[in-house]
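**Student:** The task is simple: from the sequences and hints, build the whole structure.
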Amino acid sequence: MAEKTSPYGFRYIGAKRRTKEDPRFVTGRGRYAADVQLHGMLHVAIVASPYPSARIRSIDAQAARAAPGVHYVLTGEELCSQIDSLYIGVDAPKVKRYPLARDVVRYAGEWVVAVVAETRAQAEDAAELVEVDYESLPCVVDPEEAIRPDAVQVHPDHGGNVLFHRRFVWGEVDEAFARAQHRLSFRARWGRSATVPIETFVALAQWDAGNEIMDVWASIQMPKFPEQLARALRMPANAMRVHFDVDVGGSYGVKRGIKHTLLVCWLARRLGRPVRFLEDRLENMRGGDMHGPDRIFDMQVAFDGDGIVRAWKIRALDDVGAYAGRSPLQLGKPVSAICGPYRIPAVEYEPISVMTHKTPQEAVRGFGQSPTNFAMECTMDRVARFLGMDRVELRRRNLIRHDEFPYRIPSGTTYDSGDYHAVLDKALAAADYPALLERREAARRAGRLAGIGVSTCLEPSGGNSSFEPLFNPKNETTTWMDSCLVRVDLNGTITGVMGTSSSGQGHQTLVSTVLGEIFERDPSGIRVVHADSLNALPSNSPVGSRMAIMLGGAAAGAARRIRDNLMAIAAHNLGVAASDLEYRNGDISVAGQPDRLLTWDQLVEIAHRKYHCMPPGMEPGLQAQFVWEVPTGGTLPTADGQVQMYPCYSFEVHVVYVEIDPDTGKPDLQRYVVGHDCGVMINPDIVHGMTCGGVAHGVGAALYEKFSFSDEGQLLAGTFMDYLIPSSLEVPAIDIVDHCTPSPLTTFGQKGSGEAGYLGGPAGIACAINDALAPVGAAIAQTPMSHLALWSLIQAPRDAGQRAA
Amino acid sequence: MNEPTRRITVTVNGTEHEREVPVRLSLVDFLRETLRLTGTHVGCEHGICGACSVLLDGDPVRSCLMFAVQADGHAVTTVEGLCAAEGRMSVLQDSFCEAHGLQCGYCTPGMLVASHALLDKNPSPTAQQVREAISGNLCRCTGYQQIVDAVLLAASRRSGAAN
Chain H
111 MAEKTSPYGF
121 RYIGAKRRTK
131 EDPRFVTGRG
141 RYAADVQLHG
151 MLHVAIVASP
161 YPSARIRSID
171 AQAARAAPGV
181 HYVLTGEELC
191 SQIDSLYIGV
201 DAPKVKRYPL
211 ARDVVRYAGE
221 WVVAVVAETR
231 AQAEDAAELV
241 EVDYESLPCV
251 VDPEEAIRPD
261 AVQVHPDHGG
271 NVLFHRRFVW
281 GEVDEAFARA
291 QHRLSFRARW
301 GRSATVPIET
311 FVALAQWDAG
321 NEIMDVWASI
331 QMPKFPEQLA
341 RALRMPANAM
351 RVHFDVDVGG
361 SYGVKRGIKH
371 TLLVCWLARR
381 LGRPVRFLED
391 RLENMRGGDM
401 HGPDRIFDMQ
411 VAFDGDGIVR
421 AWKIRALDDV
431 GAYAGRSPLQ
441 LGKPVSAICG
451 PYRIPAVEYE
461 PISVMTHKTP
471 QEAVRGFGQS
481 PTNFAMECTM
491 DRVARFLGMD
501 RVELRRRNLI
511 RHDEFPYRIP
521 SGTTYDSGDY
531 HAVLDKALAA
541 ADYPALLERR
551 EAARRAGRLA
561 GIGVSTCLEP
571 SGGNSSFEPL
581 FNPKNETTTW
591 MDSCLVRVDL
601 NGTITGVMGT
611 SSSGQGHQTL
621 VSTVLGEIFE
631 RDPSGIRVVH
641 ADSLNALPSN
651 SPVGSRMAIM
661 LGGAAAGAAR
671 RIRDNLMAIA
681 AHNLGVAASD
691 LEYRNGDISV
701 AGQPDRLLTW
711 DQLVEIAHRK
721 YHCMPPGMEP
731 GLQAQFVWEV
741 PTGGTLPTAD
751 GQVQMYPCYS
761 FEVHVVYVEI
771 DPDTGKPDLQ
781 RYVVGHDCGV
791 MINPDIVHGM
801 TCGGVAHGVG
811 AALYEKFSFS
821 DEGQLLAGTF
831 MDYLIPSSLE
841 VPAIDIVDHC
851 TPSPLTTFGQ
861 KGSGEAGYLG
871 GPAGIACAIN
881 DALAPVGAAI
891 AQTPMSHLAL
901 WSLIQAPRDA
911 GQRAA
Chain Z
6 MNEPTRRITV
16 TVNGTEHERE
26 VPVRLSLVDF
36 LRETLRLTGT
46 HVGCEHGICG
56 ACSVLLDGDP
66 VRSCLMFAVQ
76 ADGHAVTTVE
86 GLCAAEGRMS
96 VLQDSFCEAH
106 GLQCGYCTPG
116 MLVASHALLD
126 KNPSPTAQQV
136 REAISGNLCR
146 CTGYQQIVDA
156 VLLAASRRSG
166 AAN
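Line by line, the protein sequences are chains H and Z.
Heads up: the first sequence begins at 111 in my numbering, then just goes up one per residue.
Heads up: the second sequence begins at 6 in my numbering, then just goes up one per residue.
These aren't lab readings, by the way, just hints derived from the structure by calculation.
It cannot be assumed that every hint is accurate.
Said to hold, decoys possible - Straight-line C-alpha distance at most 20 Å; calculated EDC-like pairs for lysine to aspartate or glutamate:
id : chain 1 : residue 1 : chain 2 : residue 2
1  : H       : Lys206    : H       : Asp267
2  : H       : Lys584    : H       : Glu337
3  : H       : Lys776    : Z       : Glu137
4  : H       : Lys206    : H       : Asp194
5  : H       : Lys114    : Z       : Glu103
6  : H       : Lys584    : H       : Asp750
7  : H       : Lys126    : Z       : Asp99
8  : H       : Lys114    : Z       : Asp99
9  : H       : Lys126    : Z       : Glu103
10 : H       : Lys536    : H       : Glu548
11 : H       : Lys536    : H       : Glu503
What the hints assert, rightly or not - Derived CB-CB ranges, DEER-like:
id : chain 1 : residue 1 : chain 2 : residue 2 : range
12 : H       : Ala176    : Z       : His22     : 26 to 36 Å
13 : H       : His718    : Z       : His22     : 42 to 52 Å
14 : Z       : Asp62     : H       : Pro885    : 50 to 60 Å
15 : H       : Arg637    : Z       : Glu91     : 14 to 24 Å
16 : H       : Glu822    : Z       : Thr39     : 40 to 50 Å
17 : Z       : Gly165    : H       : Asp632    : 20 to 30 Å
18 : H       : Glu739    : Z       : Gly165    : 50 to 60 Å
19 : Z       : Pro9      : H       : Asp632    : 56 to 66 Å
A virtual CB, placed ideally from N, CA and C, is assigned to each residue, including glycine.
**Tutor:** This is the structure:
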């Protein structure tokens with residue numbers, strides 16, 4: 111647990127403080143979307159396609175319509191004619207996407223029919239009575255096959271399956287490859303997994319016909335959600351009222367829920383009754399459209415005998431499944447940290463986004479950065495192994511030095527600050543690296559498979575969504591603002607208003623801590639509420655590790671405006687210049703004359719009641735809003751694709767010790783240390799919790815979790831029996847060592863941390879596994895490194911040995 | 006088709022509830038939708054994630070794998086019932102807040118039920134025993150570490166109070 115007092119010299123920021131949110135959750139008083147019950151609420155069940163690719167010949171819903179409690183049976187034919195296609199992140203207007211399939215289905219699990227009934231059970235009963243006649247069509251499930259010109263096409267109107275393909279060259283890559291003493295190439299494969307929150311998607315809509323407003327309660331974490339819904343529904347955006355005050359039961363990127371919400375909105379308006387869709391787990395896994403990146407990396411690296419990397423080339427083929435939302439953009443975020451934490455002057459990056467007949471991909475924690483970090487760190491380890499050099503020493507030689515910041519990388523982004531060598535040293539010291547090496551050697555002498563992994567990875571944070579214009583020239587997004595409204599009421603209590611929902615990140619704690627810091631008032635008395643979308647200031651939701659930076663910065667900005675007004679009121683009434691005043695705990699006095707004082711209560715009363723005591727021209731009341739543009743944002747990419755993408759760069763070192771049981775292939779993570787620098791931590795318990803949670807996601811992605819598909823396009827891991835989420839017995843105890851290099855760009859020196867742990871975890875675990883496999887001459891560059899995959903690698907030389915004998 | 010129903014009497018958090026329920030109604034839906042006790046959550050509906058855990062006569066069970074009619078005549082305790090008098094937090098709940106043993110709060114009721122049952126049987130568990138006791142409850146936010154811290158903190162505070 112964190113220290114009682116702030117290690118940074120702040121009053122509240124950085125100190126151990128209980129969160130605002132926890133008490134309601136531990137007493138069962140959270141309010142999630144499924145907890146909202148409206149009078150007359152109807153329920154939805156889905157009929158999903160069993161085929162990955164088929165034509166819908168006919169739909170017979172007669173029996174379903176006649177079933178008990180059924181109010182409506184909706185087909186894609188009816189729905190699609192009355193709404194517009196969902197937003198797509200790249201320029202691919204022919205890749206239409208609707209909540210229900212029309213004419214053809216493009217993945218097994220795609221929604222075909224929605225049945226609405228009095229109860230969920232009745233809806234599900236009736237859904238089983240719907241008869242859909244399909245004509246099975248050829249499908250394509252292999253992304254390498256899908257990019258061939260003669261491949262089966264998922265969206266024939268689009269012309270090919272490739273959604274985005276570009277080769278970026280930054281710096282003199284070919285020259286560096288020609289000059290370097292050594293070159294290596296290999297393939298790494300990141301398996302399809304996701305963050306899979308324990309709460310599935312839930313969406314509830316109610317049409318307020320009197321006011322012509324659609325009220326929505328949904329478990330979402332989605333930028334520009336009300337506007338996307340309104341556009342698709344052909345409604346004015348000011349008719350969408352999304353209630354951001356529902357608690358979201360985990361998201362980590364995936365809770366987009368746009369098609370779910372669109373469906374219930376349309377039904378609620380059509381039926382004049384509130385309509386809820388509560389996704390069950392099977393539905394969530396196959397048709398929730400929340401699978402993560404699914405990538406083949408072809409890595410090439412050029413380096414010299416001293417271990418200095420001169421250039422690398424990364425080709426990343428990403429299988430986004432049957433439809434595109436923002437998923438192709440997940441190949442864009444890595445541009446912001448394309449050389450990792452290393453001084454690599456020349457980089458080639460070739461992202462290819464391709465469609466197949468699989469469940470669509472959606473944003474997952476890190477937005478494509480964790481797979482890229484995994485491929486980069488596998489590369490660094492292979493370079494070290496090739497040279498016979500210590501892997502830590504190799505990293506030390508290539509890491510950007512503390513005195514080189516701010517550091518501009520070839521793809522145009524400038525890293526704000528960092529002290530990578532110091533964090534690495536701290537992590538190794540905390541892990542007692544020499545003792546760990548000895549432990550590994552002892553284990554190996556005893557015949558066990560033991561390995562150590564050390565990964566050094568970046569977490570880009572606070573982004574301005576610059577991958578949108580980078581991947582789609584028609585999109586000129588250069589801001590990704592966030593905002594906060596702050597009020598001090600007549601009674602002197604403080605309220606912060608935020609314009610997005612939270613899914614466990616502790617935003618109420620964040621805002622109250624920041625407001626307490628600026629006002630010098632106890633955060634425990636400060637209220638923080640979530641607005642709805644009609645009375646909210648603009649927000650882009652908590653994506654991209656951004657809220658400590660953006661919401662924290664906006665809250666501070668608004669609070670400072672109010673504080674400035676208080677100073678002006680005091681100056682006016684005390685007859686001195688504001689610069690002669692001292693602000694302490696909300697009271698303001700003349701410097702050096704503590705008796706000449708106006709208390710917080712007096713100042714508040716002047717602002718709210720005594721206009722005659724206010725400075726001329728100041729508006730009465732005490733409220734301020736602040737909309738903050740992303741620091742360093744505001745510019746479009748250059749012609750060669752250089753752009754400042756994220757302002758702040760957190761850094762993490764993972765030190766992992768693993769032993770693998772050769773008889774079962776089961777890896778045992780026996781020691782796990784994370785060195786972490788995300789600048790100033792506003793609430794250390796929250797940061798540490800998210801970091802441990804990120805490691806757990808990393809353990810899952812690295813070792814257990816995969817949405818496997820058969821060659822015929824059927825999802826093989828559609829339940830928690832076969833999609834394996836690590837429990838408390840698979841996730842090890844984790845030691846976190848903090849380091850603080852403040853960001854010069856943010857209000858308090860904070861950086862983002864919502865993706866911490868996940869961005870370096872799979873890389874570190876992969877390095878440890880490969881170190882353990884090295885003595886048997888095996889290597890693996892794929893996730894998940896399942897027990898079976900490891901067992902097969904371990905057994906192969908044994909079998910060969912037995913055959914030789 | 007008339008939905009078959011049965012009249013049941015279940016004691017939930019010390020209060021007796023008599024209801025006519027469909028025989029296929031799961032216990033978790035009975036708690037959430039019929040009694041409006043929404044503290045218990047639904048995660049997977051196939052008995053893996055543990056989010057729906059409640060105490061049945063003192064033992065943790067998956068309320069998604071039980072029918073409401075099977076709880077007839079039994080005592081159920083949900084997260085709401087773990088609170089001390091007048092809705093105040095128990096030592097365990099308070100320790101979850103102190104150690105920040107949660108984030109989104111969705112798995113938390115199940116975690117509290119599992120660790121409450123553990124501490125009833127074993128007041129001084131080791132970290133490994135805590136991990137085993139909550140291994141049937143999946144959490145995607147915390148990586149379990151601060152949950153383990155919270156349960157150990159509660160154990161030490163409870164034993165300190167007893168001394």
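**Student:** If a hint holds in the structure, say so; if it doesn't, say that too.
**Tutor:** Hint by hint, here is what the structure shows:
Between the alpha carbons of Lys206 of chain H and Asp267 of chain H the distance comes to roughly 9 Å, so the proposed pair stays at or under 20 Å and holds. Restraint check for Lys584 of chain H and Glu337 of chain H: the C-alpha separation of about 18 Å stays at or below 20 Å, so the hint holds. A C-alpha spacing of about 18 Å is found between Lys776 of chain H and Glu137 of chain Z, which places the hinted pair at or below 20 Å, so the restraint holds. Restraint check for Lys206 of chain H and Asp194 of chain H: satisfied, since their Cα atoms lie roughly 9 Å apart, inside the 20 Å limit.
Of the supplied pair hints, the one linking Lys114 of chain H and Glu103 of chain Z holds, its CA atoms being roughly 12 Å apart against a limit of 20 Å. This hinted pair checks out: Lys584 of chain H and Asp750 of chain H have alpha carbons roughly 16 Å apart, not beyond 20 Å. About 15 Å separates the Cα atoms of Lys126 of chain H and Asp99 of chain Z, which keeps this hinted pair within 20 Å; it holds. With a C-alpha separation of about 17 Å, the suggested pairing of Lys114 of chain H with Asp99 of chain Z holds against the 20 Å cut-off.
Only pairs whose Cα atoms come within 20 Å are accepted, and Lys126 of chain H paired with Glu103 of chain Z is accepted, the gap being roughly 9 Å. Of the pairs offered as hints, the one joining Lys536 of chain H and Glu548 of chain H holds, with about 19 Å between alpha carbons and a cut-off of 20 Å not exceeded. With a C-alpha separation of about 15 Å, the suggested pair Lys536 of chain H and Glu503 of chain H falls inside the 20 Å cut-off, and the hint holds. At about 34 Å, the beta-carbon gap between Ala176 of chain H and His22 of chain Z stays in the expected band of 26 to 36 Å.
Under the hint 42 to 52 Å, the C-beta atoms of His718 of chain H and His22 of chain Z, about 49 Å apart, fit the expected range. Between Asp62 of chain Z and Pro885 of chain H the CB atoms are about 53 Å apart, so this pair conforms to the stated range of 50 to 60 Å. Taking 14 to 24 Å as the suggested C-beta distance range, the pair Arg637 of chain H and Glu91 of chain Z conforms, at roughly 23 Å. For Glu822 of chain H paired with Thr39 of chain Z, a C-beta distance near 42 Å keeps the hint of 40 to 50 Å intact.
For the pair Gly165 of chain Z and Asp632 of chain H, the beta carbons lie near 28 Å from each other, so the given range of 20 to 30 Å is met. Between Glu739 of chain H and Gly165 of chain Z the beta carbon distance is about 51 Å. The supplied range of 50 to 60 Å therefore holds. The beta-carbon spacing between Pro9 of chain Z and Asp632 of chain H, approximately 57 Å, falls within the hinted interval of 56 to 66 Å.
Violated hints: none; the structure is consistent with every hint.
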